[in-house]
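Going down the list, the protein sequences come from chains L and W.
Residue numbering for the first sequence follows the working numbering, starting at 1 and increasing by one per position.
Residue numbering for the second sequence follows the working numbering, starting at 292 and increasing by one per position.
One thing to keep in mind: the hints can contain errors.
[What the hints assert, rightly or not] Stretch-level coverage of chain L by chain W, calculated; a stretch enters the list once three of its residues show a Cβ under 8 Å from a Cβ in chain W:
| # | stretch |
| --- | --- |
| 1 | 41 to 55 |
| 2 | 80 to 88 |
| 3 | 123 to 136 |
| 4 | 226 to 235 |
| 5 | 242 to 249 |
[Claimed, not checked] Here are a few chain W residues that sit away from chain L, every Cβ distance over 12 Å (derived from the structure):
| # | residue |
| --- | --- |
| 6 | I326 |
| 7 | L328 |
| 8 | A332 |
| 9 | N333 |
| 10 | R336 |
| 11 | A339 |
| 12 | M359 |
| 13 | V372 |
| 14 | R382 |
| 15 | L400 |
| 16 | Q408 |
| 17 | S415 |
| 18 | E416 |
| 19 | L417 |
| 20 | A519 |
| 21 | I531 |
Hints are computed from structural coordinates only; laboratory data are not their basis.
Glycine included, each C-beta is placed from N, C-alpha and C at the ideal position.
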Amino acid sequence: MAQPEAPDRGIPLPASPAGSALDRGLGRAERSLVVGLAVLAVIFLMLPVIIVIPMSFSGAQLLTFPPPSLSLRWYDSFFGDPAWLSALLNSVVVALASSVLALILGTLAAYGLVRFRFFGRAVLEANYVAPLIIPPIIAAVALYIVFAQAGLLGSYEGLIIAHTLHSAPYIVLVMTVAIAAFDVRIEQVARSLGASQRVILLRILLPNLAPSVVASWMLAFIVSFDEVILTLFLFGNRETIPKRMFTRLELQIDPTITAIATMLIVFSVAALAVVYLLTRRGGRALLGQAH
Amino acid sequence: MLLAFNLPILLMLAWSFTNPTPTLSHYAYLFEVPIYLRVLANTLRIAAITVVCCMALGYPLAYWLRSMTPRRRLLVLTLVVLPFWISILIRTYAWIVILGNNGLVNRALVDLGLLGQPVEILYSELGVIIGTVNVLLPFFVLPLYAAMTQIDERLMQAARSLGATQRTIFWRIFLPLSLPAVAAGAILVFILTLGFYITPAVLGGGRVPMIANAIALLINELPRWELAATISTLLMLAVIGFYFVARWVRSRGTA
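Start from the sequences, fold in the hints, and give me the full structure.
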């Protein structure tokens, strides 16, 4: 397909060093269009986060931006409401329990996937990561039907199982990368010196991978803490923070949610910063993965 | 762990095929009742529009990231990744503030005299699409950016030394090389949109039903579990199918 050769619009010719050559895919007019759209995209991504924080300090009942007056009343209305506090407690309990379980199971699974070669390994690996791709609504329906028959609907046990299944894939992802990067020869030396598999795992591998372990555990915690859909279906009358937020959202506009949102944003950002510092590699693995 | 995930899924499959005797009647029923087809059409349309919007915003963003200095790139990448880790619920909620009748956008439009009165952006398909694009844009940008960094800069230099213009280089070399990643990202965004529940429920205000909302309705309100299981099964097969297509496309791109 022959294109008409457009005249070169005053773009410096390629005598430039290779380093800046990255910039030179397009002409200048197109470049500003690209940068404009890109900046727009970043603003678009950040806008909700930027808006919610000042809104949480609003003194007004209506959601108007910028807030007409400043106050902490929505924080009061969160901490003064037993329903929100019990939701918070539920969230913390479920997130702690499920993230620890997911950490144990996910790390063992990752170790098996990286260190052992066996028939069906690829299928197994795909299966471990499958809950990331399959919409949570599907897992919610499947677990709902099973839990209803097993009498687990509305129970802590049931929800913890569900959240463990939901967050374990993140741990498998981070830990497979971390374990694969750990020199297998160190394990071989330990084994030749008479260490059992358990000693190798607990005394050698885990201490060395501590940053990844902590990072993946925090990811699992946040994933569970933010989870809505499974909780909505499986937790019966009990509430967690996201579930209560969601049910309140459907009913009416409640500015208390902006206060919670702000606290959760601060929490997530802090956690993300820690994760980032702890494991560049693990973080990169997550970013590279589509989900 | 595998058991705990796969078993319920298999049981769900069983539900969708039994009545309680083995049957395909649930599947037949779904295709006879127009409401389900309408919800399906609705979902597919929203997913397609979301994909187009993600491409329009995401491609320039990934391209821009590629051309940055490492320090700025880290900053912008952090900004792209950050919303990723903030609850979908919060981001969705923020759009109520922005898009509502009394929200930022409407007030700005009215104050500028562009509109006589606020338009309903919230609780419409447009609101839902804004929400889905907002949530899914990072899923599109990050893999695309990763793929773009793999494109060999020497190809462009070679083209330039042979006298190609900047525009030709982009359209004839860079764009074709990045297309597999664009296609893979588009499929990914598409399948993720299919399963969206929160965004349509909150930003659609019940007026923009998507598949996941229909499933929730069948479980919680009606209750018709066997139909919910049937729709879930179809959705899951579609998602897995598309996922493998995306993987295949991407692996061809990097080969």
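Give me the numbers of the hints this structure contradicts, sorted from smallest to largest.
2, 12, 13, 14, 20, 21
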